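Protein chains in written order, with our numbering: chain S, 1 to 313; chain X, 1001 to 1313.
Among the clues, some could well be false.
[Claimed, not checked] Derived BS3-like pairs: lysine-lysine, alpha-carbon spacing no greater than 30 Å straight-line: (1) S:169 <-> X:1169; (2) S:22 <-> X:1006; (3) S:306 <-> X:1006; (4) X:1022 <-> S:71; (5) X:1303 <-> S:22; (6) X:1306 <-> S:170; (7) S:303 <-> X:1022; (8) S:170 <-> X:1222; (9) X:1306 <-> S:6; (10) S:22 <-> X:1306; (11) X:1306 <-> S:303; (12) X:1006 <-> S:220; (13) S:6 <-> X:1047; (14) S:6 <-> X:1022; (15) S:222 <-> X:1170; (16) X:1006 <-> S:303; (17) X:1306 <-> S:71; (18) X:1222 <-> S:6; (19) X:1169 <-> S:306; (20) S:6 <-> X:1220; (21) X:1190 <-> S:6; (22) S:169 <-> X:1303; (23) S:6 <-> X:1071; (24) S:169 <-> X:1006; (25) X:1047 <-> X:1071; (26) X:1022 <-> S:190; (27) X:1006 <-> S:190; (28) X:1169 <-> S:190; (29) S:306 <-> X:1071.
What the hints contain is simulated information worked out from the structure, not anything from laboratory work.
Since this is a predicted model, take the numbers as computed values, not measurements.
2 protein chains.
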Amino acid sequence: MPEIRKDPFTDEQVIIAMERAKRPTDFHDDGSNKEEKTCFFCRGREKLTPSETFRIDDDNGEWIVRSFPNKFPILCSDMTDGNGIHEVIVDNCGHDKSFFNMNIKEFKYMLLAYKNRYIALYNTASTQYVSVFKNYLKKAGASLDHPHSQIISLPIIPNIIMTELNNCKKFYEYRGEIMHQVLIREERDKGDRVIFETDNFIVIAPFASKYNYETQIIYKNKGLFQSMTDRIITELSEVFFGLFSRYGNVLGRFPFNLFLHAHPNLMEDAPYNWHLHITPRVSQQAGFELSTGIYVNDIPPEKAAKLLISAGH
Amino acid sequence: MPEIRKDPFTDEQVIIAMERAKRPTDFHDDGSNKEEKTCFFCRGREKLTPSETFRIDDDNGEWIVRSFPNKFPILCSDMTDGNGIHEVIVDNCGHDKSFFNMNIKEFKYMLLAYKNRYIALYNTASTQYVSVFKNYLKKAGASLDHPHSQIISLPIIPNIIMTELNNCKKFYEYRGEIMHQVLIREERDKGDRVIFETDNFIVIAPFASKYNYETQIIYKNKGLFQSMTDRIITELSEVFFGLFSRYGNVLGRFPFNLFLHAHPNLMEDAPYNWHLHITPRVSQQAGFELSTGIYVNDIPPEKAAKLLISAGH
Chain S
1 MPEIRKDPFT
11 DEQVIIAMER
21 AKRPTDFHDD
31 GSNKEEKTCF
41 FCRGREKLTP
51 SETFRIDDDN
61 GEWIVRSFPN
71 KFPILCSDMT
81 DGNGIHEVIV
91 DNCGHDKSFF
101 NMNIKEFKYM
111 LLAYKNRYIA
121 LYNTASTQYV
131 SVFKNYLKKA
141 GASLDHPHSQ
151 IISLPIIPNI
161 IMTELNNCKK
171 FYEYRGEIMH
181 QVLIREERDK
191 GDRVIFETDN
201 FIVIAPFASK
211 YNYETQIIYK
221 NKGLFQSMTD
231 RIITELSEVF
241 FGLFSRYGNV
251 LGRFPFNLFL
261 HAHPNLMEDA
271 PYNWHLHITP
281 RVSQQAGFEL
291 STGIYVNDIP
301 PEKAAKLLIS
311 AGH
Chain X
1001 MPEIRKDPFT
1011 DEQVIIAMER
1021 AKRPTDFHDD
1031 GSNKEEKTCF
1041 FCRGREKLTP
1051 SETFRIDDDN
1061 GEWIVRSFPN
1071 KFPILCSDMT
1081 DGNGIHEVIV
1091 DNCGHDKSFF
1101 NMNIKEFKYM
1111 LLAYKNRYIA
1121 LYNTASTQYV
1131 SVFKNYLKKA
1141 GASLDHPHSQ
1151 IISLPIIPNI
1161 IMTELNNCKK
1171 FYEYRGEIMH
1181 QVLIREERDK
1191 GDRVIFETDN
1201 FIVIAPFASK
1211 YNYETQIIYK
1221 NKGLFQSMTD
1231 RIITELSEVF
1241 FGLFSRYGNV
1251 LGRFPFNLFL
1261 HAHPNLMEDA
1271 PYNWHLHITP
1281 RVSQQAGFEL
1291 STGIYVNDIP
1301 PEKAAKLLIS
1311 AGH
């Protein structure tokens, strides 16, 4: 059974999850793909996965997006620390689809599944925080090829989220404004890290980018991730499509992680704007980062933004 | 010029270091070695490196270990935040040497160089902290094959070190004992995470291990890293030799990082024992870790310790 441990010196949180070691992989150690074999996530293989928790069908009744419990969960129910649910969301039925070739409609189906599973996990007993993330290619931690995302409910609030919320709370008490709102205004004034903007979203290369070509999609308004309307979801799909077209033009296909930072349970009023991180994994964290926790980034975000801005024309 | 930035939301520290992007590499993107070419770190190529800062010679006057400034530094002098010095220590003259085939004497020469450069950098103006680390193989962030380590003086104290020191200080005020001493006693009593022990060092698999097969070499006494006597250095060389023989027996050669956590400048009296971390890089940090800062480890440290204990017999 998984166990949550805390380092008494660094306060770092670790989940010891033995079940994970058994999970299958499509990749060799060098990151190259194994010979073709049965994909568990393709159409027609539904019986190879645990029972479905959500699906969206096309007009012929065939699924486009579906989700189910992860067979090799990071967390599970009945832990001493509370329950955790870990699900897989298959982004799209197409085995060869990726963020680099999905259309706006396909992004929208995926985001509808994100929202549905987010609400389901958020409302589960003992959930303190829900983490949504995606690993693309082996270098970013993917073990299977077929495009998929993951969602986990946690019985704790991660330290990193607590730190963000505390800083935002302090800022709000001191300045009477949400830190994200001030950041958006200042980035817009400065201009050299804003990649593009829509009515409700702004895409930036963060000032303290830890990863080469890192970006953030920030929701500009107050509100919860799970409260996104259909119109907002369509707009976010367009943002994804626009951002990944630019990424593709600059870097081709590359390993990346996507993840959401949003309000914890019972902290819905926190002065905090939910946002999505995209972290390309083209550089490598080495001994200096592990030793000091200080990240080294050899591509200034201003340069990354400039390239991504130009790539949109 | 490198610039130290702080994320206002997460407090995370980042160094934007453009010069690093120019550094050469012995590896292809998939981690395999490029065709043989001139190694900058081998004997006879001394003119290809910046001027030597330290060396130990053999009886014929040929160097065994040497150090010099890093040509592609993470930090440099004249930064707005203060100075930083970044040096390379060539662990051994042998191109094919590694921690898996070095003998006790070779470990000792390397550690003597660590100590010499540590003292030199520690005593440099504006140094707040000195980081010593090693990246072995591309998957652990090495860009060159020849066995080498790195040392950096920082004009700031890394957050992770401040957190460790604060926790140790609080513990000491509350309990009147150094947290490391209590940890050592408790680990010894429990026994299932202690790999081996010598007069002055204990080698453990930490309770909250973040990486598969992670270990720590903890110095058991009060004292500074730079105050190690010749006898203690010999003992530590034996510890390295013993630990990496065990590692080799269990895992073969594998990518890893080594790093030191020690007292910051002007905090020499902190109730803190210096220690070395060895973090194998056989697993991959993915979206969940990036999103939450919570590490997932699918090999319990008790199991890692058991394997490493058996491998010594």
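> Holds or violated: are the alpha carbons of residue 22 of chain S and residue 1006 of chain X at most 30 Å from each other?
Replying inline: violated, 38 Å
> When you check the alpha-carbon spacing of residue 6 of chain S and residue 1220 of chain X, does it fall within 30 Å?
Replying inline: Answer holds: residue 6 of chain S to residue 1220 of chain X is near 22 Å, not above 30 Å.
>> Between the alpha carbons of residue 1006 of chain X and residue 303 of chain S, is the straight-line distance 30 Å or under?
In response: holds, 18 Å
> Under the criterion that the straight-line Cα-Cα distance not exceed 30 Å, is the pair residue 1006 of chain X, residue 220 of chain S satisfied?
Replying inline: Given pair residue 1006 of chain X, residue 220 of chain S holds - Cα atoms ~22 Å apart, limit 30 Å.
>> For a C-alpha distance cap of 30 Å, please report whether residue 6 of chain S and residue 1047 of chain X respect it.
In response: violated, 48 Å
> Does residue 6 of chain S lie within 30 Å of residue 1190 of chain X when you go C-alpha to C-alpha?
Replying inline: Since the Cα atoms of residue 1190 of chain X and residue 6 of chain S sit roughly 18 Å apart, the hinted pair holds (cutoff 30 Å).
> Quick one, are residue 1006 of chain X and residue 190 of chain S close enough, alpha carbons at most 30 Å?
Replying inline: holds, 18 Å
> When you check the alpha-carbon spacing of residue 22 of chain S and residue 1306 of chain X, does it fall within 30 Å?
Replying inline: holds, 20 Å
> Within a Cα-Cα threshold of 30 Å, do residue 1022 of chain X and residue 71 of chain S meet the stated pairing?
Replying inline: violated, 43 Å
> Is residue 1022 of chain X close enough to residue 190 of chain S, meaning Cα to Cα at most 30 Å?
Replying inline: holds, 28 Å
> Hey, residue 1306 of chain X versus residue 170 of chain S, does the alpha-carbon distance stay inside 30 Å?
Replying inline: With a Cα-Cα distance of about 46 Å, the restraint between residue 1306 of chain X and residue 170 of chain S is violated, given a limit of 30 Å.
>> With the threshold set at 30 Å, check whether the alpha-carbon distance from residue 1306 of chain X to residue 303 of chain S stays at or below it.
In response: Roughly 48 Å between the alpha carbons, so the hint for residue 1306 of chain X and residue 303 of chain S is violated.
Checked against the numbered hints above, the structure breaks hints 2, 4, 6, 8, 11, 13, 14, 15, 19, 22, 23 and 28 and satisfies the rest.
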